[in-house]
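Residue numbers (the numbering used here), protein chains in the order written: chain A, 1 to 216; chain B, 1 to 216; chain C, 1 to 226; chain D, 1 to 226.
No lab work stands behind these hints, which were simulated from the structure alone. Quick reminder that beta carbons are idealized off the backbone N, C-alpha and C, glycines included. Treat the hints with caution; some may be incorrect.
Claimed, not checked - Going by beta-carbon spacing under 7 Å, a handful of chain A positions derived as facing chain D:
#1 Ile51
#2 Ile68
#3 Arg94
#4 Ala127
Said to hold, decoys possible - When the alpha-carbon atoms are kept at most 20 Å apart in a straight line, the in silico DMTMM-like pairs for lysine to aspartate or glutamate are as follows:
#5 B:Lys183 with C:Asp143
#6 A:Lys72 with D:Asp59
#7 A:Lys3 with A:Glu146
#8 A:Lys183 with D:Asp143
#9 A:Lys139 with D:Asp143
#10 C:Lys186 with C:Asp18
#11 A:Lys72 with D:Asp83
#12 C:Lys89 with B:Glu121
#13 B:Lys211 with B:Glu158
#14 D:Lys73 with A:Asp123
#15 C:Lys186 with A:Asp99
#16 C:Lys186 with A:Asp19
#17 C:Lys73 with C:Asp153
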Amino acid sequence: MKKLDRHQIAARVARDIPDGAYVNLGIGLPTLVANHIPKDREIVLHSENGILGLGPKPAAGTEDEDLIDAGKTPATALPGASYFHHADSFGMIRGGHIDICVLGAFQVAANGDIANWHTGEADAIPAVGGAMDLAAGAKQVFVTMEHLTKKGESKIVERCSYPLTGVRCVTRIYTDLAVIEVKADGLYLVEIVAEGLSFDELQRLNGVPLKYRAAA
Amino acid sequence: MKKLDRHQIAARVARDIPDGAYVNLGIGLPTLVANHIPKDREIVLHSENGILGLGPKPAAGTEDEDLIDAGKTPATALPGASYFHHADSFGMIRGGHIDICVLGAFQVAANGDIANWHTGEADAIPAVGGAMDLAAGAKQVFVTMEHLTKKGESKIVERCSYPLTGVRCVTRIYTDLAVIEVKADGLYLVEIVAEGLSFDELQRLNGVPLKYRAAA
Amino acid sequence: MIDKIFATPEAALADVPDGATVMIGGFGNAGMPSELIDCLIAQGAKELTVINNNAGNADAGLAALIGAGRVRKILCSFPRQADSWHFDKLYRAGKLELELVPQGTLAERIRAAGAGIGGFFTPTAFGTRLAEGKETRHINGRDYVLEHPIHADYALIKADRADRWGNLSYRKTARNFGPIMAAAAKCTVAQVRETVELGELDPESVVTPGIFVKRVVRLATLRKAP
Amino acid sequence: MIDKIFATPEAALADVPDGATVMIGGFGNAGMPSELIDCLIAQGAKELTVINNNAGNADAGLAALIGAGRVRKILCSFPRQADSWHFDKLYRAGKLELELVPQGTLAERIRAAGAGIGGFFTPTAFGTRLAEGKETRHINGRDYVLEHPIHADYALIKADRADRWGNLSYRKTARNFGPIMAAAAKCTVAQVRETVELGELDPESVVTPGIFVKRVVRLATLRKAP
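Next comes chain A alone, as it looks inside the complex:
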């Protein structure tokens, strides 16, 4: 079987973002989604540090220390962009105005719980940033992650063992093996994305039972 690489996962997520959507991309793999938005779609990117209408990375030498994204790296603003303060920015998130946020995760549970901020290790310095706000506030929460840990255990689980970021909030999971939809009655397979992977094998690797999704 041939798993998707990070860029392929990002491209697969991008396919599902409709024209005109307001989207917040988390740090890491989610950020790559911006590179794969189809040219005929206009997507407005939100960054929680106070900008709507985030553009591509600036050319070398044109960075502005006052214009950064949530990952604290240099950014640009598109025509149509706007700036606002942190309370307004998180009001936008919490108030359900962001159509989709894309987050990385350590684990996702069958009920949509997500764990992505803390490994649970006693001596780890905790840091949460805006992850809990995005998990609780966005209309849809897409998770991107590798399907299995390095030890081969499923990151999709019956119940998260890591500390939670949010409860019952994940709507879709994009992994290097499959796209899975989280519904009230369980996990539905949307698509197997790893080449040569059968449903039975995916079912065996996945932590919890998967259902076939009825055709839309």
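Given chain A, work out where chains B, C and D should sit, using these hints.
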């Protein structure tokens, strides 16, 4: 005895507003206070419909329908003014940033309760506007009113009989007879302003006992 | 491509159903979307719940909507005006329900809806008739009243300039309730003096980011409407 | 006459006492008032409680304040950074208390302080470790956590332009926590790139009205400071 007229009451209030104060003036008599601010003091007027730095009335023919005060009459903006939306404007009030608001009143109680929004009549259409926010939020609440009702009853009372606007919030009362300070232990006379009025006579007219204020 | 500028006001208001909750911007006439309200009257939706600071003045705008008998309930801070005769008559006849809310509490409840806050403690109105029956709490030496958000199906607001993303700028004190109502409604329709190309509004001065606005109608279009 | 522009940063920070609660603007380095922080280090106040989104980067600004041992407690959303070694060391040694707050809750708690809100219900963090021990409530089908305001004695923020009334404009994403911290502190000190005459800032574009600002220091003045 010679009572103060409305303009004289307004002028007496203006004397007590220090240089640099942020002030909200209610509708009616309180609005007149702006005309009496000493020229050597710079006072910033707030209007709860979203402006800080309110200027004098516009000259006839220069009115702008988008620039009005809380009384819905044409206004102007001084250099240094700023506009903001209603939630920010009332955040400014509620958050204790307004140094002084000046309100009219039906009654003020000895403990600082104020009644100024409702006569209590059953068929009256109630309307409160920003009075309760100003009463609860301003650092100091100055009340201007005639000392007595048309029937000669004191508007300064032991306990308000009209529905309350705010509790224990009035700090000073400016009437046509006297200036009175409201403290935790009662009412203190600051000054008799009606010519020829003795303390004993004022005490007789006033609804509740007055104390002499100790020299500052 | 995102283009929120509607060719006709009729299209922008066509789907307002009977029984809808509608926020209407403005403080008195400043920021009142009068032309959009006229379109709503022509559109015919009835049994509306309206949120505005006032209850209409004279015979235009919100007063006309009330006068036409389209409003079932109004939430406002100051209905009583010298020229609020349409409201006065229906209210006295018991045909119009009133929820009186202190102005700052009204603004904060609208803001809370847009910002995803489930409730908040405010000192305003504590100890008064308008807090009767409401939960109160003593926090850090002060008394507060618990208030809840006001959500709406539609917000009709008036702004100054807009671009096709729905970004809005306002003029002076006409800003008032516009920005918070825009965020509190499922579908915000803004009437604007003019529309400009994307990028013409200074991103530092956009007051309502386009994410809060679904439909934009130019005043010139409105004035041509029936 | 109102003139909030201070001739020297030393004067603007002279009265910060030991044990003060100090908000410091900025998200990473954008909007971080680094030069003001350097002055605060020189001023010597210690046992400070600091509110910032982070816990300092590398060896400058907030990191230097922490490294100098002046901070007793920090409230932030994201202390852990590749270069947060000053925080990491003191935190691990048990010499620095940490209150971890989700970023949006941090912003809203600061906003609540400035706006006179006694507490609010937020959906953020419900069901997580960061809501443990906190009051929760089910409102209209959703679960919320009760959070309280964060007030401060001082706010040190960075803006772009100011006038003598203390009106402020910001630059791009350096705006971040500036406007809400300005309103939440008893004494807000703003370092600005330049000061302009009263009336030069467009009243539509003033982001922080002067009422929230007590002291303004020009960057040029700061750079001349020891």
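So, going through the hints one by one against the coordinates:
no.	hint	verdict
1	Ile51	holds (5 Å)
2	Ile68	holds (5 Å)
3	Arg94	holds (6 Å)
4	Ala127	holds (4 Å)
5	B:Lys183 with C:Asp143	holds (19 Å)
6	A:Lys72 with D:Asp59	holds (17 Å)
7	A:Lys3 with A:Glu146	holds (9 Å)
8	A:Lys183 with D:Asp143	holds (19 Å)
9	A:Lys139 with D:Asp143	holds (16 Å)
10	C:Lys186 with C:Asp18	holds (16 Å)
11	A:Lys72 with D:Asp83	holds (13 Å)
12	C:Lys89 with B:Glu121	holds (17 Å)
13	B:Lys211 with B:Glu158	holds (14 Å)
14	D:Lys73 with A:Asp123	holds (18 Å)
15	C:Lys186 with A:Asp99	holds (13 Å)
16	C:Lys186 with A:Asp19	holds (19 Å)
17	C:Lys73 with C:Asp153	holds (14 Å)
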